[in-house]
Each structure stands twice: as C-alpha cells, then as structure tokens.
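Respectively, the protein sequence lines represent chains H and Y.
Each residue of the first sequence is one higher than the one before, starting from 9 at the first, in our numbering.
Each residue of the second sequence is one higher than the one before, starting from 9 at the first, in our numbering.
The set of hints was computed from the structure by calculation and includes no laboratory data.
Predicted model, so just to flag it, every value in this text is computed and none were measured.
A hint or two may mislead.
Where chains are identical, the list cannot tell them apart; a pair therefore holds if satisfied intra-copy or between any two copies.
[Stated by the list, open to error] Below, computed lysine-lysine pairings styled on DSSO-like, alpha-carbon distance capped at 27 Å:
| no. | residue 1 | residue 2 |
| --- | --- | --- |
| 1 | K316 | K98 |
| 2 | K98 | K70 |
| 3 | K98 | K351 |
| 4 | K10 | K179 |
| 5 | K41 | K179 |
| 6 | K98 | K87 |
| 7 | K41 | K70 |
| 8 | K179 | K303 |
| 9 | K87 | K316 |
| 10 | K351 | K41 |
| 11 | K351 | K70 |
| 12 | K316 | K10 |
| 13 | K316 | K351 |
Protein chains: 2
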Amino acid sequence: MKTLEVDLGNRSYPIHIGSDLIDQPELFSACEKATSIYIVTNTTVAPLYAERLTKTLGQLGKPVRTIVLPDGESYKDWKNLQLIFDDLLKFGADRQTMLVALGGGVIGDMTGFAAASFMRGIRFIQVPTTLLAQVDSSVGGKTGINHPLGKNMIGAFHQPVAVIADLNTLKTLPARELSAGLAEVVKHGAIADTEFLNWIEANAKSLLACETSAMAHAVLRSCEIKSAVVSADEREGGIRATLNFGHTFGHAIEAGMGYGSWLHGEAVGCGMVMGADLSRRLNFITQDEVDRLTKIIQSMNLPTDPPKFGAQRYMELMQVDKKTEGGQIRYVVLEKIGKAQIKSVPDAQVIETLAATGAV
Amino acid sequence: MKTLEVDLGNRSYPIHIGSDLIDQPELFSACEKATSIYIVTNTTVAPLYAERLTKTLGQLGKPVRTIVLPDGESYKDWKNLQLIFDDLLKFGADRQTMLVALGGGVIGDMTGFAAASFMRGIRFIQVPTTLLAQVDSSVGGKTGINHPLGKNMIGAFHQPVAVIADLNTLKTLPARELSAGLAEVVKHGAIADTEFLNWIEANAKSLLACETSAMAHAVLRSCEIKSAVVSADEREGGIRATLNFGHTFGHAIEAGMGYGSWLHGEAVGCGMVMGADLSRRLNFITQDEVDRLTKIIQSMNLPTDPPKFGAQRYMELMQVDKKTEGGQIRYVVLEKIGKAQIKSVPDAQVIETLAATGAV
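Start from the sequences and build out the full structure, keeping to the hints where you can.
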C-alpha cells in the first residue's frame, strides 16, 4: 500500500492506494469519533462490495447503515440527493455521523455534497471503486449535483477525511468505464508531466488489461499530480482550473447528448483532442503533438470524433460552463506537452477547431 | 449610521446599521468586482423595496435582476431554492455574480445557501428587512433550507460579504413580526448581557412602537453580541450553540405545529420560558428570575404557553434537532441571567419542565 497526503492545513487527508484495502478497518480510523456510519452506494456497486465494507466498518463498533441509489450520471440530481437526507434523518444521523462514499464519481460527488450540506457539514470518506473516481473525482473536495441547465452547477468544496482507493475494485469495472478513467490519467500527463505521458503511451496495453502494477502507478502518479494542484489552489482561483483540460468541450458534449449518454471520461477524452487542436491554432503545440495525443487517447479505446451539434450549439453549451466569467469562455490549452494554461480565445478560433475536429 | 465588523479573518465583513441605507450605493461597494447582481426577495418585500434597491444597485453600472419567491417559512424548501438556481442559469450568472438577499430570515437563509452552492460558492450581501433578520439570522453565515423531517437540516456555513440593516424597513413590519424579532433581542440579553436585558425591560414600549433610537440600540447591541460569539466559534463547535437558547423547545413547537404556523421568534420566545424553567430545575436560576424573563417575553406580546403536544411528541421532535449528538439531546440553559451554557439533561427533568409549562 502507498499513502500520500493532500496538504490542506487542518483539512489535510491521506490517500491510501493498494489492494484489498476495503477489508482493513484501521484505514477507517477517522470513524473513531463517529456516532454512526452510513455507506452511500449504488445498485451496481452494492452487490459487489457493500457487504465486505459493512463487515469492515462493523469492526469499529458503530452502527452501520447502507443507502443504495440508482446507478448513473442521470441520477445525479436533487431528487436522488434527497434520498440520502431522507434516510439520514429517518434513522437519526447527527453531526458526528460519518458518510462513506462507495462507488464512482457520481456517488462520490453526491455523497460529498450531502456531507457538505447535511446539518451544514459532516465528515465523509471516499472509497472510489472506478478508475475515474480513483484518479480524479475522489481527490480535491469538489462535490455537487447536476442542474438541467448545466453539469455540477450546484455543489460545494468539501474535503473528505480520507480517500481509500482499492485497486482490486477496478477488476470488476466494465471495459468502457476503465477506458473513461484512463482519459483522466492521460490528462494528468498532458497537463503536468511529460515523462508520465511517455510512460502511459508505453504502457497502454497493461493499463487496458488492468494489470495491478501498472494501475498502481497510474493511480498514484495521478493522485500526486492532482493533489499537488489542489494543495496550491483548493478553490480553483487559478492553477486548479488547468485540471479542466478537455472539460469545456467535454461538458458541452455531455450536456448536448444528455447526461449519461457519453461517459464523462469519454467526453473529456474527445474534449482533449479538441483542446489540443485549439492549442495548435494558438501556436503552442505542433500538429505532430496533436496527432500523438489523439493516438494515445485512441489507444485507450476512447472516441475522438465529437458529435456534430454545429458551432452555434457548441458555443451555447460552453457558455453555461462554470469556466465562463462575464460572458467570456475561458479555455484550458496546452502551452506545451506537460504544461497547461488558461486562456480566453476569440470565438472564431474556437469555431475553426469545431470545424476541424468534425463537430460542425 | 453605525458600522461594526464581524471578525473572521479573510471572511470578515461589515454590518451597517442606520436609516435609508438601501439608497446608498457606496455601501454595496463589494459589488464592484461582480459581473452581475441578482436581488432575491419575496412577494411581500418586492413591492416595498425592490425598486429602490434596484435603482441603488443600478448606479454601480452592473446588470441587476430580481428573483421573487413566495413569502413564508413553508416555502423554505428545495423547490423554491431551485427557482433561484433556475433563474441564475437561465440568465447567465457566473462565479463573479453577486446575490443580494432582500427580506427576512427565510430569504436570507435561502439566498445564502443558494450563494454557498451555486457553482460551489459565490458571494452575497444580506439586506435584512425584518427585525429577526437584522438582530439574528443575517449575521453569522448560517444558511439553509428545511427538510420535512427537520428545520434547517440542509445548509452551509457561508458568510455574507456585507450586512446592510436599514432600520426604516422595520416601519413596514407587521406588529406580530416585530414582536417575533424582539424575542431574539431578549435572548441576547438573557444569554450574554444583564445590563442589556435591563435596558430591554425598561424600553419594551419604545421597542414595540418601533422607535428608531430604541431600535438602533437593540439592533446594534444584538449584532455586537452575536458577532462576538460567531467570531469566537464560527462553525458552532462550542460557545456559538448558546445562541440557540430557547431553540430546542422552539424548533419542536415550530415543527409540531407545521412550519409557518408559529413564527420562529414566537416559538423561541416560548422556548425561552421553557428553557428558563429547566434552568431553575437545575438550580441555576431562581423562580423569580424565571418569572421576570417570562414577563419580559410577555411584554413583547409574545406567547408563553406552549402547544400541548404531550411529552412523548416533544421528546421525539427535539430528538431530530441538530443539537442532538449520539442520541443525547443537548439543551442551552441559563447558568445565571446574562450567561448560558450547554448541558445534557436527564429526560425526566425535561418532562417536568414540559408538564410545568403546560406543554403536556
């Protein structure tokens, strides 16, 4: 097992990465002061891991309950968040109750937001069971739900007290979700670490085969990169926004197709291809580098052809994205491979990218 | 105009108290960096003050929109909170948008929670137009909405960037709401300042008549007491809970009667009578002091006879209150007049209080 620390002063927390961690009660020691523990999970993950985790947490001598939500991005809304609150209140949860998010990004985001707002804030632990959640969404404290007019529009910054990434849970992940998670792994290399990107390129097959040693490195290095950025800029005033590389285009694809149609990672993968094209138009990277990044994304079995919504619809969809300020869309572009920056770009150039990548 | 500062490090903010403040654009200088301003108000307050405030904010050269919610505690729920988000997203609000809460406690709590969770946090200004909001709810950053199973169960700590208490807005307040606000004024004297309680007792008539000089003192001293407590304990780990004197019983009354039947201040006034009786049973204060406090509350035209729900129902209703921890209800009691403390009390003693005050 490897442990790294997200350094956020009195909100610092450990990320544990390894095999069969959900069987180790000592990793959940933050529950010691809890009056009760509620596992929040979904209909897919519950039959796989809820019983094992309940057994582990039961050894801490606290009452443990499980709340099971429907599975999928389309359920990441107020109505399903309310199911968590209903259960917490019905069964007497209080300010010392600990929530444990057992699942992917949707479960983590919803459980985190429930923890942020139940009685104005209780503690929670992330137990991410998808690659996307292990390398990205479980780290950094972004929580929230979707609004019909935009993704993650309602939420909070609320840090977990621990992240426990059990690599063995990835073995049950469908291939499509594994690929979606690899999109964020590629992103971390592209925006922050050329050497890591080289390693990803060389180890694509091992990653797609979910080999434990490859996965351990991919998760650890991703968490290191992400937690360093989060430590420097917790509330996304500056550098943290570079983690959104591929996300402005990606969110437009997700929203335009209807949440849940493309997986988040698929949309981000395709969005990175678009973001790379835009970076080239700004004379930051070469066409060869765009082609290389596109090939790496393709090698992860991710789509690289955006849906054809047309330029106007894309601009509308991106306008509502949170990275807009004063009506101005701000894009994350690659200054070079391994380094990102935030930039306002004239609409005309963005439309060129939309046309060149087949979005129009 | 008097200005006092709530001292919370980089989240510090001024409270301005005086007459006709909503006409003074310089008090809203925090809007300078805003891309747009949304006033959130209700159907009662909008016709009285929305136009004046819009004119004032218009002088800052930003787009100003108004969102009008239905008026009342019974609308302090997710459905109406959603109306704020809908409007913000429909009209292109972004992370630099400023919300302005124009109204009483419900508008302040809902606008504050909307600001806390829209795009994971934007800024807001409180313009409290009721006495309750000016002396209590607009100060301290508690925001939230009700859940069918409990009051303020969903929310956030989110500090405003300014509180602007215009004493002239109190002139349009119905007598019943003025009295409800005076309950919290009495509370501040009872828990923290004997001299202030003496002054309240001597000036009950001027306060009920809403005389500006009396009101100015009542609001200023209440804000001083509350902001000192909040500065010492922002997230209610300890001393801040003493501000909940009368609230455990009060919340039970509000919830038991159905939100909106008793005004919050009415329930708190009656709850303080019950809290005083409990304090006497713990040998903290004398029966004479209980009688005196009861008389002061009565002199504000507040009810002091609790509804007869019976002991079991009261205990159930109080059990769900946030001050519960590990199933143990924690009460705020008066150690003496002018000083409060938090205490776990055996159910038997609480039931004696319920019986003695006519709640059974």
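A quick look at each hint next to the structure:
For the homomeric pair K316 and K98, the shortest alpha-carbon distance between copies (24 Å) is at most 27 Å, but the shortest distance inside one copy (47 Å) is not. Taking the shortest Cα distances, K98 and K70 sit within 27 Å of each other inside one copy (17 Å), while across copies they are farther apart (45 Å). In the homo-oligomer, the alpha carbons of K98 and K351 lie at most 27 Å apart only across protomers (25 Å), although the nearest pairing inside one protomer, at 48 Å, exceeds that limit. For the identical chains of this complex, K10 and K179 are intra-copy neighbours only, at 19 Å inside a copy versus 64 Å across copies, given an alpha-carbon limit of 27 Å.
Neither within a single protomer nor between protomers do K41 and K179 lie at most 27 Å apart by alpha-carbon distance, with minima of 33 Å and 49 Å respectively. Taking identical chains as interchangeable, the C-alpha atoms of K98 and K87 lie at most 27 Å apart whether they share a chain (16 Å) or sit on different chains (20 Å). Proximity of K41 and K70 under a CA criterion of 27 Å is satisfied intra-copy only: 10 Å inside one chain copy versus 48 Å between copies. Only within a single protomer do K179 and K303 lie at most 27 Å apart by alpha-carbon distance; the minimum there is 25 Å, versus 70 Å between protomers.
Proximity of K87 to K316 under the C-alpha cut-off of 27 Å is found in neither arrangement, the shortest distances being 31 Å within a copy and 35 Å between copies. For a Cα distance limit of 27 Å, the shortest separation of K351 from K41 across copies, 20 Å, qualifies, whereas the shortest one inside one copy, 45 Å, does not. With identical chains, the CA atoms of K351 and K70 are at most 27 Å apart between copies only, with a shortest distance of 24 Å across copies and 50 Å within one. For the homomeric pair K316 and K10, neither the shortest alpha-carbon distance inside one copy (43 Å) nor that between copies (59 Å) is at most 27 Å.
Taking the closest pair of Cα atoms, K316 and K351 come within 27 Å of each other only inside a single copy of the chain (24 Å); across copies the shortest separation is 64 Å, beyond that limit.
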